[in-house]
Amino acid sequence: NAGVTQTPKFQVLKTGQSMTLQCAQDMNHEYMSWYRQDPGMGLRLIHYSVGAGITDQGEVPNGYNVSRSTTEDFPLRLLSAAPSQTSVYFCASRGIAGTSYNEQFFGPGTRLTVL
Amino acid sequence: GQQLNQSPQSMFIQEGEDVSMNCTSSSIFNTWLWYKQEPGEGPVLLIALYKAGELTSNGRLTAQFGITRKDSFLNISASIPSDVGIYFCAQGASGTYKYIFGTGTRLKVLA
Numbered sequence: 001n002a003g004v005t006q007t008p009k010f011q012v013l014k015t016g017q018s019m020t021l022q023c024a025q026d027m028n029h030e031y032m033s034w035y036r037q038d039p040g041m042g043l044r045l046i047h048y049s050v051g052a053g054i055t056d057q058g059e060v061p062n063g064y065n066v067s068r069s070t071t072e073d074f075p076l077r078l079l080s081a082a083p084s085q086t087s088v089y090f091c092a093s094r095g096i097a098g099t100s101y102n103e104q105f106f107g108p109g110t111r112l113t114v115l
Numbered sequence: 001g002q003q004l005n006q007s008p009q010s011m012f013i014q015e016g017e018d019v020s021m022n023c024t025s026s027s028i029f030n031t032w033l034w035y036k037q038e039p040g041e042g043p044v045l046l047i048a049l050y051k052a053g054e055l056t057s058n059g060r061l062t063a064q065f066g067i068t069r070k071d072s073f074l075n076i077s078a079s080i081p082s083d084v085g086i087y088f089c090a091q092g093a094s095g096t097y098k099y100i101f102g103t104g105t106r107l108k109v110l111a
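Sequence lines, in order, name chains A and B. Sequence positions in the first sequence follow my numbering and run 1 to 115. Sequence positions in the second sequence follow my numbering and run 1 to 111.
If you are wondering where the hints come from, they were derived from the structure by calculation, not from laboratory data. What you are looking at is a predicted structure, and each value in this text was computed from that prediction instead of being measured. Just to be clear, a hint being listed does not mean it is correct.
Claimed, not checked - Derived DEER-like restraints, expressed as beta-carbon distance ranges: (1) A:S67 - B:G16: 36 to 42 Å; (2) B:S20 - A:S80: 41 to 47 Å; (3) A:R111 - B:P8: 24 to 30 Å; (4) A:G63 - B:Y50: 31 to 37 Å; (5) B:L55 - A:N65: 38 to 44 Å; (6) B:E54 - A:T7: 48 to 54 Å; (7) A:R111 - B:L110: 24 to 30 Å; (8) B:V44 - A:P75: 36 to 42 Å; (9) B:G16 - A:D73: 33 to 39 Å; (10) B:N75 - A:P8: 34 to 40 Å.
Think of the CB as a built atom: it goes at the ideal place given N, C-alpha and C, for glycine as much as any other residue.
Isolated chain B (complex conformation) (with noise of 0.2 Å):
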């Protein structure tokens, strides 16, 4: 099935660095989704972006919808120890009900 390109595939930081990761998509979408997975446990819903160029913030973590609507990245400035898990993201079309999900980006930080 189709998939998102999300990059890079994992990821070690020092707590404190600030991460960014991304997704790219040959497909354009009206939403873009993204998810924290930790070990165990189902996806959480991070940040929702619903048109191009719109930037959100979730406390340290700040999301993108590409202007082409082909790209989304995802920023966490000064991690922490619980950022740890793998960071999903998802696009969706308006009028349907489905989302295509990336292959995550593994973090790892590093007390």
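Okay, chain A solo, but in the shape it has when bound (with noise of 0.2 Å):
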């Protein structure tokens, strides 16, 4: 298994540009998410999914699109890229059930730089 993989690594964009960070899993979760982190500011949910076709907003959504057409894949889309979304983005995903109900697993992060 590769687990959560996420591309691209790194990213540099200019301000209004758009652009989506993809991320896979192949463990069939049916739940994944989107984080965002900032130096002090630990970790940010912006989007998250619990399944095909269903998506809702985590604490920072604006600025940002999701969707899930299948289990192994939910891109998050920036719409028009601002500075103040320069950050590090992480995937995670997750069982719904089972014994690792809580085990939630991360990728490796885009780092993404708008100028």
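Two chains, two frames, some hints: make the complex.
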């Protein structure tokens, strides 16, 4: 199993550009989520999904869109990048039920800089 | 957004020393989680706690779910260089899928 994979690993954008951060998992997990990590702020939830076709907002959803057309993939779209979106983005997944109910697996992160 | 108060923010310790860090919240939740993040990587779950008073160990790591359900601590005994990283606490409420993360404790171990 590859676990949770994210691409790209690094990205530089200009203000106003749009892009999609990719996330995929091969563990057949129902739940997937996106976090951003900023210095001194910990991890903040952007959007999450509890299954294909179902998404919901987290703490900081503004400026981001998500969709979940398959169990495996959960892309994050930046509609019009702003310098405030410079951050490290982590995708995570976990199963809904089972012995590892709360074990959330994180991807390696995407480091995004918006100029 | 709401965040957990985690302390200390950073620690520099000698190899072999014990380490203690804690997390407090103004709200009551049903789950406490402790994660470790190494440079350039995503967080990895260390310990999960599910009820007040619970004390759980994972090797040299021990964590407790506070009786008031508003705090938790993580201890690392006999630290080694590979313990270096950022340790995060997180809280989750039953019936939701949202976790709130602390701001992290950055640990450095001097050989």
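Structure-based check of each hint:
no., hint, verdict
1, A:S67 - B:G16: 36 to 42 Å, "violated (50 Å)"
2, B:S20 - A:S80: 41 to 47 Å, "holds (45 Å)"
3, A:R111 - B:P8: 24 to 30 Å, "holds (26 Å)"
4, A:G63 - B:Y50: 31 to 37 Å, "holds (35 Å)"
5, B:L55 - A:N65: 38 to 44 Å, "holds (43 Å)"
6, B:E54 - A:T7: 48 to 54 Å, "violated (38 Å)"
7, A:R111 - B:L110: 24 to 30 Å, "holds (28 Å)"
8, B:V44 - A:P75: 36 to 42 Å, "violated (23 Å)"
9, B:G16 - A:D73: 33 to 39 Å, "violated (46 Å)"
10, B:N75 - A:P8: 34 to 40 Å, "holds (38 Å)"
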